[in-house]
Each structure stands twice: as structure tokens, then as C-alpha cells.
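Chains as they are written, first to last, in the working numbering: chain Y, 1 to 355; chain W, 1001 to 1355; chain E, 2001 to 2328; chain X, 3001 to 3328.
Just so you know, the hints here were simulated from the structure itself, not pulled from any lab data. These numbers come from a predicted model, not from an experiment. Take the hints with a grain of salt, since some may be wrong.
[Unchecked claim] Taking lysine-lysine and the DSSO-like style, the derived pairs with C-alpha atoms no more than 30 Å apart in a straight line are:
no., chain 1, residue 1, chain 2, residue 2
1, X, K3296, E, K2228
2, X, K3198, E, K2198
3, X, K3061, X, K3296
4, X, K3061, Y, K66
[Unchecked claim] Quick list of simulated restraints, FRET-style, between CB atoms:
no., chain 1, residue 1, chain 2, residue 2, range
5, X, Y3327, Y, E348, 49 to 57 Å
6, Y, N27, W, D1184, 53 to 61 Å
7, Y, G65, E, K2269, 30 to 38 Å
8, X, F3249, E, E2262, 18 to 26 Å
[As the list claims (entries may be wrong)] Residues from chain X that keep clear of chain E, each with C-beta distances beyond 12 Å, as calculated:
no., residue
9, T3013
10, A3058
11, A3094
12, I3110
13, L3137
14, S3161
15, E3188
16, F3203
17, G3247
18, F3249
19, K3269
20, E3287
21, K3306
22, L3316
23, H3320
24, K3326
Ideal placement from N, C-alpha and C gives every residue a C-beta, glycine not left out.
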Amino acid sequence: MTQSQEKSRQITYVQAVNEAIEYEMANDPDVFIMGEDIAGGAGRANLGKQDAWGGVFRLTKGLIGKFGEDRVRDTPISEAGFIGAGVGAAATGMRPIVDLMFVGFFGVCGDQIVNNAAKMHYMFGGKVKIPITIITSTGAGTASAAQHSETLYSIFTHFPGLKCVSPSDPYTAKGLMTAAIRDDDPVIVFNHKLLMGRTVKPEMGKGIGFGSIVPEDSYEIPIGKALVPIEGTDITLIGISYTTLVCKEAAEELQQKGYSVEVIDLLSLSPMDNETIIKSVMKTRNVVIVDEDYPRCSIASDISALVAEEAFDYLDSPPVRITAPHTLVPYSLPLEMEFLPSKEKVVEAAVSILE
Amino acid sequence: MTQSQEKSRQITYVQAVNEAIEYEMANDPDVFIMGEDIAGGAGRANLGKQDAWGGVFRLTKGLIGKFGEDRVRDTPISEAGFIGAGVGAAATGMRPIVDLMFVGFFGVCGDQIVNNAAKMHYMFGGKVKIPITIITSTGAGTASAAQHSETLYSIFTHFPGLKCVSPSDPYTAKGLMTAAIRDDDPVIVFNHKLLMGRTVKPEMGKGIGFGSIVPEDSYEIPIGKALVPIEGTDITLIGISYTTLVCKEAAEELQQKGYSVEVIDLLSLSPMDNETIIKSVMKTRNVVIVDEDYPRCSIASDISALVAEEAFDYLDSPPVRITAPHTLVPYSLPLEMEFLPSKEKVVEAAVSILE
Amino acid sequence: MTNSKKTGIDKSTALWMYQTMITTRKFEAECRRQADQGKLRGMHSSIGQEAVPTGICAHLKDGDQILGTHRSHHHCIAKGVNLNEMMAELLGKATGTNKGKGGTMHIADINKGMLGANGVVGSNIPVAVGAALTAKLKKSQNVSVVFFGDGAVGQGVLYESMNLASIWKLPVVFVCENNRYAEATPFEYSMAGQSVAKRATGFDMPGINVDGQSVVEMYHASKIAIQKARSGEGPTLIEAMTYRYQGHFGADPPLTYRTEEEEALYKSKDCIRRMKSYLIDMGYSDEEKILEMDEKAQIAVSESVKFADESPFPNLEELHTEVYVKYE
Amino acid sequence: MTNSKKTGIDKSTALWMYQTMITTRKFEAECRRQADQGKLRGMHSSIGQEAVPTGICAHLKDGDQILGTHRSHHHCIAKGVNLNEMMAELLGKATGTNKGKGGTMHIADINKGMLGANGVVGSNIPVAVGAALTAKLKKSQNVSVVFFGDGAVGQGVLYESMNLASIWKLPVVFVCENNRYAEATPFEYSMAGQSVAKRATGFDMPGINVDGQSVVEMYHASKIAIQKARSGEGPTLIEAMTYRYQGHFGADPPLTYRTEEEEALYKSKDCIRRMKSYLIDMGYSDEEKILEMDEKAQIAVSESVKFADESPFPNLEELHTEVYVKYE
Ligand SMILES: Cc1ncc(C[n+]2csc(CCOP(=O)(O)OP(=O)(O)O)c2C)c(N)n1
Ligand SMILES: Cc1ncc(C[n+]2csc(CCOP(=O)(O)OP(=O)(O)O)c2C)c(N)n1
Ligand SMILES: [Mg+2]
Ligand SMILES: [Mg+2]
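Work out the full structure: start from the sequences and follow the hints.
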């Protein structure tokens, strides 16, 4: 480890992603990024205002000044068009990063993602690679209602040919973003809006952006590996993205109640780190899966089924899923809060297993 | 039961669906159908050739002659456009049936299905109903390769606001199609291509179209209820659509080996008949779930998780999933056959559980 | 021309149009205050664009349907949606148009002919085609109107929808509110040819460009389009040139991507101020009566806040209801 | 005009074009025989449309990329994809262009500049824009060409793609093979305005209509479009009027939706027959030499069958490989 690699500081999730993109763009001329208002104010160079936004979550703030309009490319609102263009660019030698602003918009461009990005390598007998990175935002808690608050990584995980990752804090955001850009397969990075600092209930954002130490230097977190931020022996809590935070908070409370809790931060949904899950559950013999996606045909079902099938003889209790209910995301604040998996629900589930 | 209700005969799956649509159109002026070549040769009335196709699977053959161009409406290749139009028509008092020719095309129109059809009722506080029926085709086995051979009902089942059904033979096809059209919620009917008589391996289609007795009169099969075509006590095989046929064939072979096999024909994925599944598994204590959809975040995971969580103490063995592998659908015949769940794989799995 | 147009608007319609626009503006201003107090959780303001839906809705009847976007408060008010219920919706209350489940981007009231705002850019366009299809199939003589922004012109579904409406000669009017920006992106950058109206070419339907900051111009242009639709002659695409005075969302500062000069230019053509002059020129009103109308608007808006404030939040069970009509 | 055009095609190019078209036709005929024998599992025949990609590919270089549709054998052959590997692919063999994994709707050979056929109507259009974006970013002087049918004009993604290509001035040529039908649906029914070329209006790019049954016309029209693209002047939309002689898919009978008279009319303008006359008129060839070319085509096609027949099916493990470059 070089000296500079040791330099670390607390930065926001947004800054962590920004650093990863900047580093890759600086070091690989084939990397470029496009999306709606990824710079903002495009074509207004004459006003010195190209970087009005830097993306709706400011993930790309400042990049156009460093890399120019060609490589930090504002697009019209044409997700099928520009994600398809990303696929074509990837097939012909570039490494595009493409922004799908909210995951709920996948329905206007899903064809390009699942029929082209995911399938070309296979359909063409391995002769074409599609090293595209799609970044998108997920999650409720921001008063954005049913179309702008979904999670949906489960439906992308469904598709062979796609890789899906979902960081849980600034440290994992930077490392997974770096790994995604360098990966030769299509990778979708799901960034939770609350982790990016968007929230209408300030207490939900408490500490979120600063929960982890982030090295200044570039590093990768391998796609397909989960982390175990808290080790324990009584029960395993599995979180993904924002729900990892929920699990950590629940673990704290459960520890105070005298339980030894293990928390898994899934990070990668496809490929999924089955080994870490199974190993943990074989040890703790109890598991609660905490996920914000809709419950049916979801990553939570997948993990529950995996555990049931692979660790059947080790389980002291059936797996429990704490997920969003089978309902859409409502606008009204109390309803929206009720929609989200919460520390309270996790603690309650865990206690009722362990009692 | 009237006399005519007792009249039954063996008809094809295609004819069964056709009868259901015809009956509903004749009895409800608000029902209409649209899609690409749903008649075929539209605007060629002068040639007397409006009904060149009757849909790519001939499900709507003959209907334009009976109901005219207005109600049997050919469309341009604009799935987002005409499915969106279906949503708008449904919201304003019609009961449209819309054809999405192959489920793999959902990516060009998913937004209309998941953001409008599925969400309007909820988002608008219950004040608008969307009684649209979307019919689509699924399944491999017809040399159609990766984009035209998918199953994908799992990703629609993921979405609250949608109902999903998948018939397994002419009898269930007619009854579920009727129920779908009459339902006040958006329903997607997934029709398997092999069940509709499409196959390049004739032995796969053997008997498929004629496996069941179909009443001439109109009838509904309730959405949300599974059927149990074969009862038994040693093991439960759960099939969906074409894989129900696979389960039945496997059951026959297992019975010859001396096992008592129960087969569940799932029929509805959303809502799902949890009760029938749990009841059966509590009795047999063993379960094999057979599904052609991709394995990750799928209906098979869902059922496995359900069984593990709700019948944990009753299980003698962990649930087993026989699904398509986590790969895309290949073109080459031997690869494509290997992709499909087969009787052999089901029998093998069951035997290894029961031995 | 100017003259014949002027005589085309009768007094009560003209007064209705002014009242509608001023009510909208005051409503939006109130929303901003509610947001600043943390009660209203973010919205896209329609201030500056009031003339567009107002000029159009002047021609619409009860059974006609309009459809909107993420920025739709002005559409709702123009079509007669109840202000109290709108404000209650924005505060997430059970008495809201959508029982608090939809919020700012999804306000709907089908009985009033507001078939819904929609948060996905372009998504409502084919839905409007469907409403028009119903009208045609039921021979109801109703029309539908869909509003969308200049940004939506980037979405392919617009062209699919125009094509369907054209080949089926459906009673639908496509109204693009070209406020020059999609978020921070100017249409001069994102739109080849830089004209929405021209995009109708090749779809066998008229595409017209209108001064969307003039409710009088909007009135006349849409009159023709709606008559055409209603009489079975098919769709029209209207490009209404307008401007949003505030940021894209919430208090987002627009000066990061546009200039003070530009803002001043468009604000100098303000639709409400111009309508005021028109009312006076036409002898339909005077300064005093206009003040009364302004006050009436303010009272209605204040009442809506009171109504919303006094309304309860939905019960938590509401999270689970109305996902389906029936699900078991 | 006719003269200047004629002198524009040199002998070797003209002979290459004829050879390409006749090879395509014989290849497609052979495919039909293979299907009748149950070896080839269904396909969309390009017979009748050979001139379109041939006229265009005459101008393309190695690094240029073309993209196709469900009906793409003629595109592949015109861009130089190996016949043996094509036939092997169609029979699902391990030696196929795609190792048997793709089949008729997905033939690809990026080294030859065939970036893939695609079974979803319209789906490849933005991908071509992306290939052109690479050319622009890498300053490679390459162009990309995307072929699509009249049916794809119904898909919104075409307009999104034209817009992107136009505002970014990308080196891409959009080629619509208007063979008058999408499955059984005539474009006169489904396409408002009944002109593909006109759809370019409003996208700030030329849209031109060409006799796609004349390879000479195709050659000249595409020359201009490709030069324009290559020199950084942006995209062009070409509507090539053509006709498929066979059914939509497999042996699907076209007479259920079109007339014998219509078929006769278009067959009377057959591209291969007309090119034959052209070669003779120009003194580039004679009946005898043409027969030799025909024979050469037949031999190549027959060899492809032999090659495919002798090739093994893929190992069953191939089902699981190349889903990802790496997955663990
Ligand atoms: C499909 C889709 N892409 C992106 C967005 C994010 N978004 C919301 S509003 C907006 C800009 C819309 O611009 P315009 O259509 O001009 O409407 P305006 O905001 O000016 O009223 C964008 C990009 C979205 N809601 N839907
Ligand atoms: C998005 C989508 N919708 C429908 C289909 C089914 N389909 C396959 S080919 C075809 C007709 C295409 O017509 P056209 O584009 O004119 O091409 P042609 O077959 O005439 O070459 C249709 C509807 C599809 N493949 N993709
Ligand atoms: Mg705008
Ligand atoms: Mg065609």
C-alpha cells in the first residue's frame, strides 16, 4: 500500500461516486458519461454555464470542466435512445457510463438494457463485449410517490447477462463504481436516494453521507462479494443498500438487548455472494432479510429460498423477510414512512425469533 | 348448469382463447382488442383480406369479420403507443384487450404497463379503474433465440397493481381469459407458445392442444386460485403454464416408480394461491417447483421462500427448484432443449428427495 | 386579424380566463410558502405558464379529458379541479384529490376531466390517445388534450402517439408547453431543428406554433384544434411558447443555466399582465374589478390551505388499499 | 442524369454488386430448402431486397459497422460475412458466426463490420447511433449504417435516435427498407403521411426516397449519405422502396394480404434482372460471364451447406458460457 492509498477521510456518497468517475475518466480515454443534465445547461458554454447541475444528484458535478462536452455529454430526454447509444458505443470499444435518472423510468428503455446490453455478448457467441455501466437511483423516503421511489433491482437481477450492485455508504459506493466501470460486462449501479442525501425527513439522513472512511486513492470492491460489517453468532441480518443502515441500527439495539448479531451488507445482487450468506446462516442459524424492493419475486425471496435450500439443516427458525409491502409507494408522509422497512420492524422480527 | 353448459369438446388452446374473446366481445360492447396483425391486412377491406392473420398465433382469427375494424384493431408496431392507448381507453370506460406479441418486447412498453396500468388506480386514490387485459406469449422451444423465447412473468408479478395468470391448457386458457377480461384490474395473460401449438420438435407438442375438455359455454376460472389436477401424498410438484405439463408427465413416471405425487397447476402468479401450496406441502412434506423463467428473483424463488417460511416445520427436505438456468435462451436446438426444464430433470430431483 | 380575434372572446369567457390564471398563480405562490414551511414536500411550479391550459380549457366540456405532467397544477385548476382538494393532496391529506396517495405529480380527478398528472416524461401522451379512442368508439363527441413539455419531445412515445392518433383520426390535441428548458437543458441544444411544431410534418397533421404567453392567442389556436378534433377531423399538435419563472423543481435556482436578461424578456410578456390589459381594452373590466378578482383568488387559495390544514392524514391502512380493485 | 450516374459506377464495383446480390438470392433459396428439410428452424427471407444493402455496402470500409433486423441475411452478405459461418449459424452449429447461439435473427460478425441483426423491431437503431458516437469520439472516420423496415417507423426509438444523431452530427445513415408490409400490415394503413423520408423533417436532416429495387440508384443515393456522414456533416435518412417476394416468415403465404397483381408489378422491377441489363449495357459483362457469376454463387452456397452439415453442434456446456465475460 502506498502512502497516498492510506490517506482517508469522511466524504459524502455523492463525492465518493464523483471521485470514482473522475479517476476512471482521467485514466482511461475510452470512459465517458452521458445522461440528462449530467452537466446541465449544455450548449451554453457561451454563458460559462455548462455545469449548472452535474446530474440531478450532483454525482457528476465539475466533470465537464475537466473533461469537456464530448465526454460529459448532456442528452435529450430519450432514455431508449441514449442508453441504446451507450450499448453501441460499448460494443465498438468505448466504456460508457450512462445515467438512468430514476430506476422507475426503466420502462421506457428496458429493451436496450435487457435485450441489447444483457444479450449481445451471448447472442453473438462471445464476440462482442458490452462494458457499459448504468447508474440509477432507487428508494422511497423523498416524497416522490409511486413512479419515482421504486427500488426494482430485483427485476434486473432476474436477467442473465446483467450485473447488479447496490452500495451502502460512501466507501462501498466508490469501490463498486470503480469496479463497475472497469468491468467488461454491463453493470447497473443502484444508488439509493437517501444515501445520496435526499430526504424530507432529516433524521433519516442522519449520518448517512459520512458513515465511512474513504481512501483518497482509487480502489475496487469486487463485484460479487458481500461484506460483513458486524460479526455475531445469534442471528444474521442481511441488508442491501439503505437497508444495510437499517440493519446496523437494529443490530445496535439488539446488542443492547444482549444478542450477538451479524450483519451482511449484500452489495452485489448479481452475482450474489451465496457463500457468505450460507456461511453466516450456518453459524447463526437464524436470518432476517431486510429489503426495500417490492416483496414478490424479489431479491428477498431469492435469499430466503437460497438459505432454505442450502442451509436447511442448520436453521433454527424459518427465514424472515422484512420488505416493502405488496403496495405502491404512496406520497403522504405517514404512509411513505410506513412503506419503508424500519429498524423497529427488524428488531421486532429478530426478537420474536430469538426469544 | 344449463344443457349447453354441459356441452364439452376437445379444442385447441388457440380456439379456447378465441372463444373467450368472442364471447366477451359479443356480450359487452366495451370490450375491444388491438395489436399488431390482430386481424392482419388492415385497411385492405377492398381486397376482402382484413383477416389475413388473426394475430401471430391466430388467437383472434375470424373476429374482425364478426366485430369490425373498430373493435378488432390492427396497430402499427408501437407497443408503448397502443398499450398506453389501452390504458387510456380503460381509464375512460372501455375494457381493452391488448396484444404484446412476445413478452420479450415488454422493454419498449414497460412504462405503460408498470407506471400507468399498474399504478393509476392507487396513485389516483382509487378513483380510476384500469380494466385492461394484456395478452402475451412466452416460452422457449421454438428456435426463436434469446429475445423471443423468454418467460418473464416473474418481473410482472413483482409489481403491485398487476395481476398475472398463466394457463396450462385449453380449459384453463378459456376460463382465465374470460376472468381476465371481466376483471376490473389490469391482468396480464401469459400464453406459452408451445401450448399454442408452436414447436420445432413435434414430440414436444404432442397432445398439448387437446389435453383437456372444454365447455362450449362461457365460464370463469377465478384469478388467484391454483388447481390440483393430480392428488398425492409423497411429494408436491408445482408447475406453471407449460411446466404443469412437464409435472404431469413426471408424475406419471414417478407413480410408475411407486410414489404418490401431487401436482399443483399454479395458474395465477399474482395473486398467488399460497393456501393451496402450503396445504399441499404440509401434506406431502416435499416439494419440487418447476418453472421455465430465469431463476433469479423469480416465481420459483418466491414459492420456495413461501414454503420455507410457512411450512418450515412440516418439510422433510428442502424445497427444490427446477428452473431454466441463469443463462439466455440459445438458438441451437440441443442447447435450447437443455435450457428447458424437462420431465427427466423433475423425476431425477423427486427421486433423489424421496429415495 | 387581431380585431376578429378580439371579438371572438366573449366577456364571461375572458373573465373566466383571467380568474383562472390569477388563481393559479396565487395557488402556486402559496404552495411555495407551504414548501418553505416544510409542509409541502416539493413541487414543480407552473408560474408563468398559466395561459396555456387556460386558453385551451376554455373550449372544453365536462366529458372531455386532459392529461398532464410532473408540472400540472395549472392544468388541474384550468380544468376545474377543486382547490381545497388539490392543496389537501399536496399536504398529503386524506381529503386530497387522490386521498394523499398521489401528491403533486399525480393529481387526478376524472370526474372533472383531469385524467391525471404523470411523473414520467412523455408517459401520458399515449394515454390521451386512448381516451380519444374511447370517445371515438363510444361516439361521445368528447375530446382529450395532453400537455407535455419541450423535454418530452425527446421521447419516442410522442411520435408513436401522433401516428396512432393520425391514422385513426382521433379527437386528441397534443399541446407542447415549450418553456425552453427541460430541467437545465435548453431546447436549442436538445431538439434537432429547434421546432416542436415542425415535428408534426410527416404525421399528416397540422403543427402550429403559438404565443403561449398570450391567453388570447392560445384561445384562438386551440379553438380550431379542438373543433377539428371534436368534429372527427383528427389531431393537431400545438407548440405553445412559454416560460417558467421559477426553477425546475422547488427552489432550484434557474440562473445557473439561464440569464437575467432572458428571464426579464419573458417576464415582460407575462400572460396575466397582458390579459389584464386585454380586459380593460375590451371594456370587460376595470382596475377595481380586477383587484376584486385577485382578491377572490387569494381567498380561495387561503381557504384551500385552511381546508388542508384541518384535514387528517390518511389512516395507515390506506397504504395497502386501492392497489387493486379486488385482490384475493 | 442517368448517364452521369452510370459512369459513376466502376466495373469492379458493379460486378461486385451483381455477385453479392445473386449470392444472396441463392443463399436465401438454399435456406428455404434447408427449412423444408427441417434442418433450418425458420427465417425471414430477404429475396427481392438484395439491392438495398448491396448499394450501400459498396461504399463501406472495414471499420464501418452495419446493423440489421430480424431479416438480415442480405445485410450480412453485403458486408462480407462468411457464408459458411452464416449457414452453420442457421443450422445451429458450433462453427457458426455466433457459435450457434444466435441464429437467423442475431447473426453478427463485428470484425467484418456486421454489428448484429436484432429481433426486436427498431431496437438496433440507437445502437447504431452509439457506434457512430464511438467513431466521433475516437475520430476514426468510420460510419455506421442501420437497416430497419417500414414497420420500425412505428417505433418511437427511431425518432429518439434521429434526434440524437442530428444534434450530435454523428456519422450514421438510417436506411429504411420499405418493403410495403410489416408482417401482414401495409404501410399505407399504419403510417400517417405514408412517407418515411418525410419523417426526417423537423429533425434537421435530409430524408430521401430511393428506388430500392435498383442497386444503381441505391449506390448513388447512399454515396452522398455516406460521404456526408464520413465528413462529419451528420446523418441522413434513406427510404428505399423495395419488396419482399416471399412471406413474412418461413413459408407464410403473402397472398392472404396482398394481390397477385401487386406481386407481379414489383417482381417485374427485380433488382437482379435490372443489374444484369446494366452490366451488359455498360459492357461490363455478358450473358456467359453472368452465368459464371451465378454459378460461382451457387457453388459458394452449396459449400456453405456442406460446411454447416459437417460441423458439430455446440457442446451442451455452451449453454452456460458467454453469458458474461466473467461472473463469479
Ligand atoms: C422518462 C423520464 N426521464 C426523465 C425524467 C426526469 N425529469 C423530470 S422533469 C424533466 C424535465 C422535463 O422537461 P419538460 O418536458 O420540458 O417539462 P418542464 O419541466 O419544462 O415543464 C426531467 C428530465 C422523467 N420524469 N421521466
Ligand atoms: C418491438 C417488436 N414488436 C413486434 C415484433 C414482431 N415482428 C417481427 S417482424 C415484424 C414486422 C416488421 O416489419 P418491418 O419493420 O417492415 O420489417 P420487414 O419484416 O418488412 O422486413 C413484427 C411486427 C418485434 N419483433 N418487435
Ligand atoms: Mg420544458
Ligand atoms: Mg416491411
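Subject >> CB-CB spacing for E348(Y) and Y3327(X) relative to the 49 to 57 Å hint >> reply: Given a distance of about 37 Å, which is not inside 49 to 57 Å, the answer is violated.
Subject >> Least C-beta distance from A3094(X) to chain E larger than 12 Å >> reply: holds (38 Å)
Subject >> Claimed clearance of chain E by K3269(X), with the beta carbon kept past 12 Å >> reply: It holds; K3269(X) is separated from chain E by about 26 Å at its closest Cβ, greater than 12 Å.
Original post:
Taking only the CA atoms, is the gap from K3198(X) to K2198(E) under or equal to 30 Å?
Top reply: Roughly 11 Å separates the two Cα atoms, so the pair holds.
Original post:
Cβ-Cβ distance between N27(Y) and D1184(W): within 53 to 61 Å?
Top reply: Hint holds: Cβ distance 57 Å, inside 53 to 61 Å.
Subject >> Least C-beta distance between K3306(X) and chain E, which was stated to exceed 12 Å >> reply: holds (45 Å)
Subject >> Separation of F3249(X) from chain E, once the least beta-carbon distance is taken, above 12 Å >> reply: holds (24 Å)
Original post:
Taking only the CA atoms, is the gap from K3061(X) to K66(Y) under or equal to 30 Å?
Top reply: violated (34 Å)
**OP:** Test the statement that I3110(X) is away from the interface with chain E: the closest C-beta pair must be farther apart than 12 Å.
**Re:** holds (26 Å)
Original post:
With d taken as the least Cβ-Cβ distance between S3161(X) and chain E, does d exceed 12 Å?
Top reply: For S3161(X), whose nearest Cβ neighbour in chain E is about 8 Å away, the distance does not exceed 12 Å, so it is violated.
Original post:
Since H3320(X) was said not to touch the interface, does its Cβ keep a gap of more than 12 Å from each Cβ of chain E?
Top reply: Holds: least Cβ distance 35 Å, greater than 12 Å.
Subject >> Given as non-interface: L3137(X), partner chain E, CB spacing beyond 12 Å >> reply: Check passes; 18 Å lies beyond 12 Å.
When each numbered hint is compared with the structure, violations occur for hints 1, 4, 5, 8, 14, 15 and 16.
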